[in-house]
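These protein sequence lines are chains B and V, in that order. 264 is the number that the numbering used here gives to position 264 of the first sequence; each next residue is one higher, with no gaps. 202 is the number that the numbering used here gives to position 202 of the second sequence; each next residue is one higher, with no gaps.
Simulated from the structure, these hints should not be mistaken for laboratory data. In this text, all values refer to a predicted model and were calculated from it rather than measured experimentally. Backbone N, C-alpha and C define an ideal beta-carbon position, used for all residues, glycine too. Check each hint, because a few of them may be wrong.
Claimed, not checked - Subject to a maximum C-alpha distance of 25 Å in a straight line, what follows is the list of computed BS3-like cross-link-like pairs (lysine-lysine): (1) V:Lys310 x V:Lys270; (2) B:Lys308 x B:Lys24; (3) V:Lys112 x B:Lys112; (4) B:Lys153 x B:Lys239; (5) B:Lys112 x V:Lys69; (6) B:Lys69 x V:Lys237; (7) B:Lys237 x V:Lys437; (8) B:Lys147 x B:Lys187; (9) V:Lys69 x B:Lys237; (10) V:Lys69 x B:Lys239.
Claimed, not checked - Partial selection, computed: residues in chain V whose CB lies under 10 Å from chain B: (11) Gly58; (12) Pro108; (13) Asp200; (14) Pro227; (15) Asp230; (16) Asn234.
There are 2 protein chains.
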Amino acid sequence: MKNISPITLFLLIFCVGANAQQSKFNDEFLQQVAELRDAALTDGLAYDITESLTTEVGARLAGSPQDAKAVAWAQAKFKELGFDRITTEAAPLKRWTRGQETAEIISPYQHKLTITALGRTNPTPDEGINGEVVHFATLADLQAADKSEVAGKITFISERMERHKDGSGYGKAVGARGLTAQVTAEKGGIAAIIRSIGTDNNRTPHTGAASYDEDTPSVPAGALSNPDADLLVNVLKRKQPVTVKLTLTSHWDGDYTSQNVIGDMLGSEKPEEYIVIGCHLDSWDLGTGAIDDASGCGITMAAAKLIKDKLGPLKRTIRVILWANEEYGLSGAIAYHDAHKDELRQHILGGESDFGAGEIYALGTRVAESAMPTIDIMMTLLKPLGIEFAGNNGSSGADLIPMRRAGMAVFGLKQDGTDYFDYHHTANDTLDKVDPKALAQNVAAWIVVTALAAQADHDFGFGLTDKTE
Amino acid sequence: MKNISPITLFLLIFCVGANAQQSKFNDEFLQQVAELRDAALTDGLAYDITESLTTEVGARLAGSPQDAKAVAWAQAKFKELGFDRITTEAAPLKRWTRGQETAEIISPYQHKLTITALGRTNPTPDEGINGEVVHFATLADLQAADKSEVAGKITFISERMERHKDGSGYGKAVGARGLTAQVTAEKGGIAAIIRSIGTDNNRTPHTGAASYDEDTPSVPAGALSNPDADLLVNVLKRKQPVTVKLTLTSHWDGDYTSQNVIGDMLGSEKPEEYIVIGCHLDSWDLGTGAIDDASGCGITMAAAKLIKDKLGPLKRTIRVILWANEEYGLSGAIAYHDAHKDELRQHILGGESDFGAGEIYALGTRVAESAMPTIDIMMTLLKPLGIEFAGNNGSSGADLIPMRRAGMAVFGLKQDGTDYFDYHHTANDTLDKVDPKALAQNVAAWIVVTALAAQADHDFGFGLTDKTE
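The following block holds chain B by itself, in its conformation from the complex (with noise of 0.2 Å):
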């Protein structure tokens, strides 16, 4: 699509002159920002970011060294890009560190496991802890177990997450990942062993957090990869008891201040009012956190130094957060609330990138219906992008939760998530996974929403219900 089609601009004269109250956008804009969303199809700068930090940084667990090399990246890559105003902002956390991790089946047969401890479980002796294990095909049947089932036994909960292209398998099927550490302890159990929350048949393991709060009782908890579930259920039928040996050496770690790093395009009107769009800089550990999140980093970053090349300064601010710990805290999301809690209203919309690199099929919302013909004149300019609208009843990504819970109005540009719970949270997160042709038409969706944003002359509403919780 080189140039904007006379449908479209016909479309777009009319949703202008229809809406006109609310949204005077002038042609000349809306032709611009259609010319920057057909060039950015085929521009390469989200994926030279996305492979400039996990090449030159690589994992980057919250609180680990590469905490603070992602820090000074971000740092250096927002000046490289030239972002008008480049600040850190302090997000402190308690850190976790990941250990040793190696599981084996002792009896009836020797098999080694490949598993990997999840985040804020407690370790397991430095020498390792044996069990027999106490199988369970979901969460429910665990929760609903008599204690003397579990005491003095390491559970191991079964349950497959199911593929789905909005990636609602995992909400179904994360619980156990969350819980399972806790109710275990609870019910005397030693240690807690679940199959991955994740599509795939590697023997990568999916990591991802745990529940946990210091008043309450939990065990040594890692995920088994799927096929090593597999092998376990399939040694479970032969009905002997079966006995696994468990070294999770993973820890708390004391205090650690990281960084949410903020890149904002100044706006020319109203600088003092941000579109905020972002990614959350801290990645798992096991891979290099290619589609979590680095493309997302890409893909805002490219798409607010693209607005600011070709259409020159909008009117509010482009604000550009790389969120600090979001996998095991979301230590910059609740950081910044709380540093911003009396300017909240300044923050008219926004979204996070976090659900991989897919193509992006739909636009959700929640704003006010006063600012629904603007999202109408975005729709008209995603819509050559395969991108349907769906609804003004969404949720946005995870580190706008407490702003979001504040009144924030928010959108969410969903990715085909077909493939993404593959790799999610494993070792395999890496470049590779990365299509460049599906990036770079985020990064067209990302433009037209921030830009249309970020010119519109009214604002998006504030102490909107979360319809979502």
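Dock chain V against chain B, hints included.
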């Protein structure tokens, strides 16, 4: 296919009629074979055997404690399946044992890499070795390099294997695995790393044997997973010196005697003549050896068992050999050839199933021209399975190499290997990679070839020139 179709029957009778001298199969026998072929398509025995070996033994590197367990498993399984005669034959080998295997980029960035030692290579010191990386696109480039480029460095070959249905990318790429340790040593390098010989994008590196003899200098050598090789290439693109640390403590570990395990279904007329089928019993140690080669054991053990049960004893003995240490020495193949060298002519026709669990799409043979009419009849029965004839210039599985070179007639039922090298020699070689339906199609095909060969009135030639070498 429940019954033999009229047209198939016509073709069979036509063939039998036309070649009455060579192939005195009676119609009833051919009808029974066709019925058994069709019944095999929904039979689960091969899958059950594959599941049993991978679950009850799992990884079974030759010379490891699992080797003896695999031998015991094979003896028990042959007995359970009702084989007439079960024997073991010694297969001496020089034992190679995997140790620790870690790698990391130390500068200019820090990354943990996934690596696996190449079989039969020497260890690094326990504390590892550091060195600057010198990058070659191909083995040929390394071979052409001046010693001054390589001396004191760690070589890295980044050539990527191509994906093809017939696995032909393997032969093109695998030379790097075979020779890099010796070529690097010859040029004064301190260690060698290669991109895995594999077609996947998983963090599961591919092991496999390197060339070795006691008199040729060699260095420690390992294979990076494809994503890790990509990362190293991208780091090298920055044109700064790249330093890597390798710890590969795998080593030679004395002598061991493994066993070929042989199950015979005795012939009724010529019990001393053998149709040799089978698989290799050993596996690499990273996965559970499901596609390499438990599935081959499942296919051939099930084929022999179903023939015996449904067709009764045939004229010749069907000999199923589970070969010892195919992976790093062909120890069982060499030992069997040497032990039976005075009776090789009693080995009428042989094949090995050792290319995973994909559907069979072709039959290749290397038999005397006088036996071709029987091959034509086999083809008539194989065509309904989607199997074409690939010519009489065929090869065989690796364990038949010594007997093939001595002139034995062989066949190969060629499997779709499109995905085989995604998993081959990796931790990902697990049961979930086996499709029960494709496995059953394999059994059906092996039944056809094995039964007709065992019942044929003629031999398949001997002293044949091995046109494949």
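Results of checking the hints against the structure:
This hinted pair checks out: Lys310 (chain V) and Lys270 (chain V) have alpha carbons roughly 19 Å apart, not beyond 25 Å. For the given pair, Lys308 (chain B) sits about 20 Å from Lys24 (chain B) by alpha-carbon distance, which is consistent with the 25 Å threshold. For the hint pairing Lys112 (chain V) with Lys112 (chain B), the CA-to-CA distance comes to about 21 Å; that is within 25 Å, so the pair holds. The straight-line distance between the Cα atoms of Lys153 (chain B) and Lys239 (chain B) is roughly 16 Å, inside the 25 Å bound, and the hint therefore holds.
A distance of roughly 15 Å separates the Cα atoms of Lys112 (chain B) and Lys69 (chain V); the hinted pair therefore holds under the 25 Å criterion. Proposed proximity of Lys69 (chain B) and Lys237 (chain V) is supported: the alpha carbons are some 20 Å apart, at most 25 Å. Proximity of Lys237 (chain B) to Lys437 (chain V) is assessed by CA-CA distance (about 22 Å); at most 25 Å being required, the pair is judged to hold. Between Lys147 (chain B) and Lys187 (chain B), the direct Cα distance comes to roughly 5 Å. Compliance with the 25 Å bound is thereby established for this hinted pair.
The straight-line distance between the Cα atoms of Lys69 (chain V) and Lys237 (chain B) is roughly 20 Å, inside the 25 Å bound, and the hint therefore holds. Restraint check for Lys69 (chain V) and Lys239 (chain B): the C-alpha separation of about 20 Å stays at or below 25 Å, so the hint holds. The criterion of a C-beta within 10 Å of any C-beta in chain B is met by Gly58 (chain V), whose closest approach is roughly 5 Å, and the hint holds. Satisfaction of the interface hint for Pro108 (chain V) is found here, the shortest Cβ-Cβ separation to chain B being roughly 8 Å, below the 10 Å cut-off.
Restraint check, Asp200 (chain V) versus chain B: the minimum CB separation of about 9 Å is within 10 Å; hint holds. Hint on Pro227 (chain V) holds. Least Cβ distance to chain B is approximately 4 Å, under the 10 Å limit. The criterion of a C-beta within 10 Å of any C-beta in chain B is met by Asp230 (chain V), whose closest approach is roughly 6 Å, and the hint holds. Proximity of Asn234 (chain V) to chain B holds as hinted, the smallest CB-CB distance being about 5 Å (cut-off 10 Å).
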